[in-house]
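Using the sequences plus the hints, can you model the full thing?
Okay, here's what each chain looks like letter by letter:
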Amino acid sequence: MNIIHESLEESERMDLKENIEIWEDIVNIKHLVISLIVCSSTTLGGYFIAPQEPPKPLFFGLTGAIIGFIICTIFIKPKRLFIEANQED
Amino acid sequence: MDISLILQMIIAAAIAAVMYTIIGAAPGADETATIAPITLVLVLSGIQPAVILAFFISAIIACKLIDAVPVSIAGIPAGVMSTPMVEHAMILKKNGLTDTSIRKIASGAIIGTIISIPVSLFLAQALIPFAMVIKKYGDPVFFIGAVLLALMSKKRWIALASILPFAILIQGLRYMYWGIGVVPEGTNVFISFFLGITIGPVILTLFEMLNKDKRDSMPRFDKKTIYLKKGDKINKFPNPFKILTKKEVGYSALASLIGSVTFILSPVGMTTFFGELFASGTKDPVEKASIAVSTMEALAQATYISGTLIPLIALGIPLSPMAIGPANPLFNAPPVYNLENNMHHLLSTSDFVWATLIGAVIASVFTFYIAVKYSQEICTFVFKRIPHEAMLGLFFSLVLLLAFIDAGWINIAGVLLIGIVSGVLFRLGVNYGVLFMTLYSAPWIIKMLSIL
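Protein chains in written order, with UniProt numbering: chain A, 1 to 89; chain B, 1 to 452.
In short, the hints are calculated from the structure, not lab data. Accuracy of the hints is not assured; some may be wrong.
[Said to hold, decoys possible] With a straight-line Cα cutoff of 25 Å, these simulated DSS-like cross-link-like pairs (lysine-lysine) come out:
hint, chain 1, residue 1, chain 2, residue 2
1, B, 214, B, 224
2, B, 242, A, 77
3, B, 242, A, 30
4, B, 288, A, 77
5, B, 242, B, 288
6, B, 214, A, 30
[To be verified] Stretch by stretch, here's where chain B covers chain A in the computed footprint (C-beta under 8 Å, at least three residues):
hint, region
7, 34 to 41
8, 70 to 82
[As the list claims (entries may be wrong)] Over the 12 Å line for every Cβ pair with chain A, so calculated as not near, a few chain B residues:
hint, residue
9, 134
10, 187
11, 209
12, 257
13, 353
14, 413
No experiment lies behind these values; they were computed from the predicted model shown. Note that CB positions come from ideal geometry on N, CA and C, so glycine has one too.
Here it is as structure tokens:
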């Protein structure tokens, strides 16, 4: 049990080594690369499967972007510790 | 003006307000990228111009107002215009005042709207006699704007020195695209370059990550700890004049007035300049940041409205950064509108007034209420559910898509190049305003250089 716990901590520490700051927030390099690939492919994918009459490709592309975004929000956890405090604190 | 047209305007404005309250809250929802294509579709589908204008005004107000949310909670600009506010919103966030920041920004937006509509309508009427002269000098005005913004910025010499090289980069790419035939000669690739500049700093960081030494030397972080103070719930309808202090109301009103008069200059540049100027007199960092965000938002909202209405009513040519960007389909959407036959020619003064008022009132009331009343719910949801990686991915893929639409695969590399260069220039201290003005004036600059 203890060993499992330690190895979990170890992997979390390994993950932390890959956390960097871009544009005012923390991202994990691996997760960022995955997200860039997922969003780009759903977006361009949407664009290319659309019927070739404007403005449909644009809308399919935008829809693809939103789908990619949703996929990423489901599978990637935000790197934030969220603490709610009362006004007086 | 009959009842059915008014009813159509109300419905269009309501749809726009709801739609752009959602779209605008997503970080990176650049207004040019999100509003221009949909407006274009409406124009092409043959809807009455007054109805489209009501939709458009409602869309820009909702979209700008709601960006208070991503800026305040994530420090991510929801479009170019909110970039200058990020730094100040971050100070409020660090102090656990995220929802205060949202409320201050939203209230600033309301003041900007209230001031700029009458001022724009008045200015447009006053400008009509000079329309011909202004049309003649349109191009150099953008160049003068770039130089002025450079001189007014903190790092003025590097800003000044970067205007010509940056113009050459932009026109160089455009001429190359014409040369190899990916776009017809004379068509200026614009939107994707614009977005390339916007995410320049991010693109530069992404490129640096490809260099192992650079990557290893980047500072590493633990999870980010965010404190959210539970504020008092506002039960009655929030009053923007009570959320802001007297000083903030005064500065915001003054900034809106200035923003309306200087509609032709880069909104980002003006926002940065006057926001910093008004905030500079205050010592306390929190107070200073809240003056800065409310003033900047008021000014941004004012330049949006005046930048759309004044050229539309007085000139009929897209002679402002706003008109050349998001509002472009109102001026030029072949085959329905062109520069000889667009809203300027089709709508009467009373049409303009009605469409603007309907759009503005509906968007202001709805979006302001949502942003202020539910700021904490929105904050909590986004913090807990939306990873920063997904936001960056979304923005990056939108840039990719628009780059491809503008000029094919080659333009993706072109936009990356623009991103790298503007990212470097931005880090060296050149502000967005100078880069955008240069983007607008690049064709004229190169024409002048070739005469020398």
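Hints, one by one, checked against the model:
1. B/214 with B/224: Given pair residue 214 of chain B, residue 224 of chain B holds - Cα atoms ~22 Å apart, limit 25 Å.
2. B/242 with A/77: The hint is violated at about 38 Å.
3. B/242 with A/30: violated, 46 Å
4. B/288 with A/77: violated, 34 Å
5. B/242 with B/288: Distance ~18 Å between residue 242 of chain B and residue 288 of chain B Cα, so the pair holds.
6. B/214 with A/30: holds, 16 Å
7. 34 to 41: holds (count 6)
8. 70 to 82: Holds, because 9 residues of the region 70 to 82 of chain A bring their Cβ atoms closer than 8 Å to Cβ atoms of chain B.
9. 134: At roughly 32 Å from the nearest Cβ of chain A, residue 134 of chain B sits farther out than 12 Å, so the non-interface label holds.
10. 187: Non-interface label on residue 187 of chain B holds, nearest chain A Cβ at 15 Å vs cutoff 12 Å.
11. 209: violated, 7 Å
12. 257: holds, 31 Å
13. 353: Its Cβ never comes within 12 Å of chain A, the nearest being 30 Å, so this holds.
14. 413: holds, 14 Å
In this structure, the hints that do not hold are numbers 2, 3, 4 and 11, in rising order.
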